[in-house]
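S.K.: Protein sequences, first through last, are from chains A and B.
Just so you know, the first sequence maps onto residues 1 to 380 in the numbering used here.
Just so you know, the second sequence maps onto residues 1 to 97 in the numbering used here.
Keep in mind that the hints are not guaranteed to be accurate.
[To be verified] Keeping only pairs whose Cα atoms sit at most 25 angstroms apart, straight-line, the calculated SDA-like set for lysine to any residue is:
1) K335/A - F17/B
2) K40/B - Y68/A
3) K239/A - D28/B
4) K74/A - I22/B
5) K40/B - E71/A
6) K40/B - G68/B
7) K15/B - S334/A
8) K15/B - R59/B
9) K57/B - H144/A
10) K57/B - A322/A
11) K332/A - I32/B
12) K55/B - F182/A
13) K46/A - H31/A
14) K332/A - T39/B
15) K335/A - E43/B
16) K55/B - E71/A
[What the hints assert, rightly or not] According to the in silico footprint, chain A covers these stretches of chain B (three or more CB under 8 angstroms from chain A):
17) 41 to 47
18) 73 to 83
Because the hints were derived from the structure by calculation, they are not lab data.
Please read all numbers here as calculations on a predicted model, not as lab measurements.
Glycine is no exception: its CB is placed at the ideal position from the N, C-alpha and C atoms.
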Amino acid sequence: MAIRFSFVVPPLAGHVNPTLGLGTELLRRGHAVAWISLDPSLPLPKGGELLLIAGEEHRDKISRKNVYGIESIKFLYDEVLIPLNRYMYDGVLEWIERWGAEVIINDHQLFAGAIAAYQLGVPYATSVTAPAAVKMMEDLPGVHEWEVQRMVGLQRELGLEGERCVACSDRMALLFTSREFFGEMELSSAYQFVGPVLGRPGGVSFDWERFERMRGRPRILVSIGTTFDHGQQLDFLQKVISAFGGEELSVVLVSDADLLPGWPENFLVQRRVPQLEILPHLDAVVCHGGHNTVCESLTNGLPLVVLPIAYDQSHVASRVVAADSGLRLNFKRSKPEELRGAVWEVLREGRYRDGALRIGRSFKEAGGVARAADLLESIK
Amino acid sequence: MDTVVTNQEIFVVLKQFIGEVIGQEFADELDIRPESSFTKDLEMDSIEIVAFSEKVKKRFGAEINFTGWLSGMDIDQLIALTINDIIIFIQECQSLK
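Could you put together the complete structure from these sequences and hints?
M.R.: Here it is as structure tokens:
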């Protein structure tokens, strides 16, 4: 029987992308699927409905500040997530009722979706698009407890009494990773490992001709994602140029091409790249440890060099190292020579590729969208 | 550790652990003092702080509940944490023996 599913998503590409793939599968099965979001240009699959909450000024707060390390968690909650959830709550509540959602899937950072669903008595599952955040509970329990207090504080403000945090569903939490990559940790039975759901908006143009000509030597992707400020990007780009300019490597770099006046001849620089389409042709990836880029790389059996900047990325990087699928460097401290050395090491030492392939297989075995959709269908 | 150690001795050990975690060549470039904070001055990220605390636990663990102490810290305390805080904590535990 058809079910009316509604996702509640933050305006963050990394958190939206997996829901697009999952939503596509739910639509294919004949369900009605909607997305409650602040983003009017959400690249929804055909048939998906956008339930828009107006609020341009709340959309890209995260990219406006230079944040690093543990302080970034404080920034994330105090200046991004709590205000964002507080702002979206009324709209979420209204859309759930108006659209008649029967099952809510809230992003783990969009707890307003969980609070509203809980208050309305609508069943909800939680989409954990950054699973390393869960792992952090174990590594830094004091920080996790602080996060919970922030969320419970907002719950109270929104009229939900009590100490229990409802942000993550106790019925079902979909972790977009595999047990093998996530690592050991005791979790309640609500947590389900479904593997990463790869899905990015299509229609990105790319200089395939030039990319073809870059064959013949190892080709690597270098990307630090979409949420970091200008200064951080410039520092990083300088390091990347010193590390790889003129090396026997071809570099696809995700960056605004006009940030710098010129680029080394072995670089192909584009602001957006069709990442899923080019990954199968690459040999290694250098990134900041965003969950999606890491999972996409491992799915393609590509070893990684990870330079975590903020949020949960430090934890993602340590999983990459633990899974023997790459190396971790300090984003601020590492020198160009180290970055170059690390890339050559993951390219030359077969064990990193083997590790990446092993994790890639564990992702496929986790079941992906089909399993996630089965689980969601069982919740109503 | 069976013997009570001085602040200076603890500092030397902690400094060595920092070097092991972030790489000795980086540690040498930093001006590491008792008042240095892990987050701001040493720019250590969360996993590095966790790795550092594992080492402290291994070294002093028998007599102090370092992990428990660190686990109890909220985010502001963790951001403000300095080497000296740890030295004082270890000293206090030892004086209670």
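S.K.: If a hint holds in the structure, say so; if it doesn't, say that too.
M.R.: So, going through the hints one by one against the coordinates:
For the hint linking K335/A to F17/B, the alpha-carbon distance of about 21 angstroms falls within 25 angstroms, and the restraint holds. For the proposed pair K40/B and Y68/A, the alpha carbon gap of about 9 angstroms is at most 25 angstroms, so the pair holds. Restraint check for K239/A and D28/B: the C-alpha separation of about 21 angstroms stays at or below 25 angstroms, so the hint holds. Of the supplied pair hints, the one linking K74/A and I22/B holds, its CA atoms being roughly 23 angstroms apart against a limit of 25 angstroms.
Our distance criterion of 25 angstroms between C-alpha atoms is met by K40/B and E71/A, whose separation comes to about 9 angstroms. Under the criterion of a C-alpha separation no larger than 25 angstroms, the hint pairing K40/B with G68/B is consistent with the structure, at around 23 angstroms. With a C-alpha separation of about 19 angstroms, the suggested pairing of K15/B with S334/A holds against the 25 angstroms cut-off. Taking the CA atoms of K15/B and R59/B, the gap is near 13 angstroms; set against the 25 angstroms cutoff, the hint holds.
Of the pairs offered as hints, the one joining K57/B and H144/A holds, with about 21 angstroms between alpha carbons and a cut-off of 25 angstroms not exceeded. In summary, the hint linking K57/B to A322/A is supported, as the alpha carbons are separated by about 21 angstroms, within the 25 angstroms threshold. A hinted pair counts as satisfied when its Cα atoms are at most 25 angstroms apart, and K332/A with I32/B qualifies at roughly 17 angstroms. With a C-alpha separation of about 23 angstroms, the suggested pairing of K55/B with F182/A holds against the 25 angstroms cut-off.
A C-alpha spacing of about 12 angstroms is found between K46/A and H31/A, which places the hinted pair at or below 25 angstroms, so the restraint holds. In summary, the hint linking K332/A to T39/B is supported, as the alpha carbons are separated by about 12 angstroms, within the 25 angstroms threshold. Using a Cα cut-off of 25 angstroms, the hinted pair K335/A and E43/B holds, with the two alpha carbons roughly 15 angstroms apart. Our distance criterion of 25 angstroms between C-alpha atoms is met by K55/B and E71/A, whose separation comes to about 23 angstroms.
Given a C-beta distance limit of less than 8 angstroms, the hint that chain A covers the stretch 41 to 47 of chain B holds, as 5 residues qualify and 3 suffice. Counting residues of the stretch 73 to 83 of chain B whose beta carbon lies closer than 8 angstroms to any beta carbon of chain A gives 7, which meets the minimum of three for the stated coverage.
Consistency with the previously given hints is maintained throughout, with no hint failing.
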